[in-house]
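Line by line, the protein sequences are chains A and B.
Just so you know, we're using my numbering here: the first sequence kicks off at 1 and counts up by one.
Just so you know, we're using my numbering here: the second sequence kicks off at 414 and counts up by one.
It is worth saying that the hints were derived from the structure and are not from the lab.
Among the hints, erroneous ones may be present.
[What the hints assert, rightly or not] Straight-line C-alpha distance at most 20 Å; calculated EDC-like pairs for lysine to aspartate or glutamate:
id, chain 1, residue 1, chain 2, residue 2
1, A, K407, B, D592
2, A, K83, A, E99
3, A, K338, A, E395
4, A, K396, B, D726
5, B, K496, A, D93
6, A, K408, B, D592
7, B, K809, A, E391
8, A, K54, B, D504
9, A, K54, A, D93
10, B, K543, B, D499
11, B, K806, A, E391
12, A, K83, B, D592
13, B, K498, A, D59
14, A, K393, B, E810
15, A, K85, B, D592
16, A, K396, B, E804
17, B, K418, B, D518
18, B, K638, B, D660
19, A, K5, A, D59
20, A, K130, A, D86
21, A, K396, B, D795
22, B, K809, A, E395
23, B, K809, A, D313
24, B, K418, B, D472
25, B, K496, B, D518
26, A, K393, B, E808
27, B, K467, A, D179
28, B, K821, A, D179
29, B, K820, A, D179
30, B, K809, A, E3
2 protein chains.
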Amino acid sequence: MSELKGACIIGQSGGPTSAINASALGAIEAALDNPSITAVYGAANGIRGVLDDKLYDLDKEDRAELSHLKYTPSSALGSCRYKLKDPDVDDADYRRILEIFQKYDVRYFFYNGGNDSMDTCNKISKFMLKNGYECRVMGIPKTIDNDLAGTDHCPGYGSAAKYVATSCMEIYQDARVYDIGMITIVEIMGRHAGWLTAAAALAGPYAPDLIYLPEVPFDMDTFLKDTQVVYEKNGKAIVAVSEGIHDKDGKFIAEYGVSGEQTKDSFGHTQLGGLAATLAAIVKEKTGAKVRGIEFSLLQRCASHVASQTDLDESYAAGKAAVDHATAGTTDKMVGFKCTRDCGYLCELALLPLDIVANTEKKVPREWINPAGNGLLQGYIDYGLPLIQGETKQEKENGLPRFARLKKILVQG
Amino acid sequence: MSELKGACIIGQSGGPTSAINASALGAIEAALDNPSITAVYGAANGIRGVLDDKLYDLDKEDRAELSHLKYTPSSALGSCRYKLKDPDVDDADYRRILEIFQKYDVRYFFYNGGNDSMDTCNKISKFMLKNGYECRVMGIPKTIDNDLAGTDHCPGYGSAAKYVATSCMEIYQDARVYDIGMITIVEIMGRHAGWLTAAAALAGPYAPDLIYLPEVPFDMDTFLKDTQVVYEKNGKAIVAVSEGIHDKDGKFIAEYGVSGEQTKDSFGHTQLGGLAATLAAIVKEKTGAKVRGIEFSLLQRCASHVASQTDLDESYAAGKAAVDHATAGTTDKMVGFKCTRDCGYLCELALLPLDIVANTEKKVPREWINPAGNGLLQGYIDYGLPLIQGETKQEKENGLPRFARLKKILVQG
Chain A
1 MSELKGACII GQSGGPTSAI NASALGAIEA ALDNPSITAV YGAANGIRGV
51 LDDKLYDLDK EDRAELSHLK YTPSSALGSC RYKLKDPDVD DADYRRILEI
101 FQKYDVRYFF YNGGNDSMDT CNKISKFMLK NGYECRVMGI PKTIDNDLAG
151 TDHCPGYGSA AKYVATSCME IYQDARVYDI GMITIVEIMG RHAGWLTAAA
201 ALAGPYAPDL IYLPEVPFDM DTFLKDTQVV YEKNGKAIVA VSEGIHDKDG
251 KFIAEYGVSG EQTKDSFGHT QLGGLAATLA AIVKEKTGAK VRGIEFSLLQ
301 RCASHVASQT DLDESYAAGK AAVDHATAGT TDKMVGFKCT RDCGYLCELA
351 LLPLDIVANT EKKVPREWIN PAGNGLLQGY IDYGLPLIQG ETKQEKENGL
401 PRFARLKKIL VQG
Chain B
414 MSELKGACII GQSGGPTSAI NASALGAIEA ALDNPSITAV YGAANGIRGV
464 LDDKLYDLDK EDRAELSHLK YTPSSALGSC RYKLKDPDVD DADYRRILEI
514 FQKYDVRYFF YNGGNDSMDT CNKISKFMLK NGYECRVMGI PKTIDNDLAG
564 TDHCPGYGSA AKYVATSCME IYQDARVYDI GMITIVEIMG RHAGWLTAAA
614 ALAGPYAPDL IYLPEVPFDM DTFLKDTQVV YEKNGKAIVA VSEGIHDKDG
664 KFIAEYGVSG EQTKDSFGHT QLGGLAATLA AIVKEKTGAK VRGIEFSLLQ
714 RCASHVASQT DLDESYAAGK AAVDHATAGT TDKMVGFKCT RDCGYLCELA
764 LLPLDIVANT EKKVPREWIN PAGNGLLQGY IDYGLPLIQG ETKQEKENGL
814 PRFARLKKIL VQG
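Work out the full structure, taking the sequences as your base and the hints as a guide.
Next up, the structure:
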């Protein structure tokens with residue numbers, strides 16, 4: 001394929017992670033060094049920055065300062081949860097994006113995010129193709145949910161999983177320290193897929209006694225019985241639950257006992273939260289035990305101080321590969337990982353069609369969950385353990401993380 | 414003073430921390446190496462282990478395995494919150510303790526804990542003195558609350574403070590990432606003293622916009638106005654609150670809007686929690702903004718993976734000093750720290766009378782809090798920053814912390 005010269009836009013979208021900036025750095029550094037790319041722009045708050053003509057001039061950033069991005073959590077360029085309409089219904093946003101691409105001669109678009117972001121990426125790619133505007137569009141995956149199809153795992157997952165496993169180990173030590181009974185319920189992110197909650201099992205002998213994923217319908221009576229059995233045997237019980245656990249009718253357990261009010265985000269997803277507190281109240285009422293609910297909240301996705309160096313290195317490589325492949329002629333693909341674990345862990349980059357990835361959710365295989373649906377089997381451990389290896393090389397300043405301090409100078413359009 | 418030969422008991426009490434086992438290790442290693450000490454026992458679950466004649470034989474532990482205690486969170490010997498009665502009212506517990514001490518020829522008693530534990534320690538010391546039983550009793554401080562009188566700071570505080578400052582930095586990155594308004598309320602432990610909440614200020618440019626400590630009466634209207642001002646200016650606001658904030662009448666804010674039920678622990682303290690959720694609901698109602706409440710919960714006291722090495726080293730030294738001083742003749746004292754910060758940070762060990770330390774709470778000085786009562790001044794930063802220096806040397810195994818695995822063999826009495 002012939003060389004395509006032009007500017008590039010890099011955008012970040014969806015919930016931030018500890019590793020999304022590592023991918024951004026991989027893409028930014030590769031773009032800055034690539035002669036086909038004439039200018040490197042960062043979209044302020046993802047696709048919203050394109051629509052609003054708010055682009056950062058990344059050529060103006062200091063290279064040494066940029067390099068700290070690898071160890072800076074959250075999305076340095078800002079994120080959004082804006083959902084593009086179906087172009088067959090309303091193509092106004094797409095025409096605006098095309099206008100901006102033409103204005104800045106953008107020939108490369110790199111979008112870094114989860115399912116919804118790959119959907120955005122896919123729609124833009126198809127629109128540009130249909131309208132004959134030559135622009136190479138590449139998706140760079142990112143999600144602590146680890147639910148993107150086609151890839152062995154997703155950038156961001158390993159770091160979040162390391163946080164979850166580490167914190168579960170620490171909670172195990174703490175929650176069992178008194179000579180009185182105690183049930184601890186830990187709520188972990190994951191709306192439809194239980195990958196992150198499964199990571200609690202990586203804590204091995206310090207793992208929660210019971211782990212519930214949304215892959216298996218949650219039955220309150222069975223859960224209460226399971227918990228009671230462990231509690232009566234040990235005087236303690238630690239239970240990990242995915243925020244998205246739901247009963248056989250699909251009703252979220254987080255909504256049990258909550259009277260009325262439900263909120264939905266702009267993608268139409270029900271906003272979850274408060275599950276640990278809800279379950280704690282139910283367990284307390286049924287067992288009479290002392291119960292504590294713990295929600296990892298934002299920390300599970302932004303605790304960069306305990307990021308997996310494997311995850312950061314792979315995330316960086318994914319960002320770099322997106323640029324390298326695009327400038328070499330590839331378009332309409334997402335960078336993914338193809339891994340083998342038979343003779344040690346080996347991870348290779350792969351290119352996946354965007355339309356297959358977009359909006360397909362990959363679940364934890366049922367055969368990795370025990371028959372009772374309250375624990376993980378060795379299959380998952382073998383899968384997950386390599387992803388959390390390596391301590392972050394994050395630089396410290398005054399005993400605290402040193403984050404990238406970018407200038408973020410807006411392009412005067 | 415003449416040499417006193419006999420066994421020693423080491424006990425841990427109160428809420429666990431990331432550093433209490435470092436102090437235990439300092440005491441255990443010094444005791445194992447000291448010729449005056451004939452046997453080294455660990456009390457199972459603090460003073461309860463003495464009362465119940467449940468002692469671990471620490472001479473039977475592997476020394477290399479023991480050394481991992483320095484990096485193992487929570488209380489390895491188990492903890493309790495048992496409160497001894499006033500010996501003038503009911504001395505049954507004290508007579509039982511004396512009986513056990515006589516049974517095992519215990520001549521050294523080291524008790525590792527916070528205010529209530531120093532009170533226990535003090536009462537035992539005075540009872541033994543009064544009853545003419547020669548036993549040297551030493552307190553080893555520990556509390557993430559940092560509220561023990563007489564000492565510059567307390568073992569455990571630096572590590573918890575490092576967790577709080579680090580997590581606040583990460584939350585700052587995450588909570589500001591979207592292009593929509595958001596108010597984040599972070600709840601940090603601290604019943605009567607705001608030391609740990611103050612540590613949020615160590616995050617510097619990434620610190621919460623507003624920080625409220627229990628040292629200043631909390632006024633809901635002023636708080637709502639403060640928050641609104643920040644939110645209207647920045648579109649975001651991050652607020653840190655101490656769990657113990659209360660209004661001018663002494664009513665805990667956590668109890669606002671909570672109908673009825675209040676629980677108290679065995680020391681008569683009101684059990685707090687749910688403050689972040691309570692405040693989030695109030696702020697949401699008043700401002701209409703999207704509000705998120707985050708509770709650090711147990712993690713702030715057990716997150717050993719982000720412990721301060723300074724704290725661990727000092728905690729170890731405090732445990733060792735207790736044994737060294739006791740065998741040299743000292744009794745009825747707590748080991749404390751005397752520090753200077755004028756020409757760099759310098760920390761020396763000091764011996765403090767137990768009865769002064771017991772049950773006196775040290776608060777954050779008013780002059781370190783800004784006049785508005787919603788932020789910290791440089792005086793606190795200069796105080797706190799040296800305490801969070803140094804990354805933990807915790808060993809990792811398979812990408813996760815390597816905790817001590819003790820045999821904990823019970824002494825056959």
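Now the hints, each set against the structure:
no. : hint              : result
1   : K407/A <-> D592/B : 18 Å, holds
2   : K83/A <-> E99/A   : 19 Å, holds
3   : K338/A <-> E395/A : 30 Å, violated
4   : K396/A <-> D726/B : 19 Å, holds
5   : K496/B <-> D93/A  : 67 Å, violated
6   : K408/A <-> D592/B : 15 Å, holds
7   : K809/B <-> E391/A : 9 Å, holds
8   : K54/A <-> D504/B  : 74 Å, violated
9   : K54/A <-> D93/A   : 15 Å, holds
10  : K543/B <-> D499/B : 14 Å, holds
11  : K806/B <-> E391/A : 12 Å, holds
12  : K83/A <-> D592/B  : 14 Å, holds
13  : K498/B <-> D59/A  : 70 Å, violated
14  : K393/A <-> E810/B : 17 Å, holds
15  : K85/A <-> D592/B  : 19 Å, holds
16  : K396/A <-> E804/B : 9 Å, holds
17  : K418/B <-> D518/B : 9 Å, holds
18  : K638/B <-> D660/B : 16 Å, holds
19  : K5/A <-> D59/A    : 16 Å, holds
20  : K130/A <-> D86/A  : 14 Å, holds
21  : K396/A <-> D795/B : 18 Å, holds
22  : K809/B <-> E395/A : 19 Å, holds
23  : K809/B <-> D313/A : 19 Å, holds
24  : K418/B <-> D472/B : 16 Å, holds
25  : K496/B <-> D518/B : 24 Å, violated
26  : K393/A <-> E808/B : 15 Å, holds
27  : K467/B <-> D179/A : 12 Å, holds
28  : K821/B <-> D179/A : 15 Å, holds
29  : K820/B <-> D179/A : 18 Å, holds
30  : K809/B <-> E3/A   : 47 Å, violated
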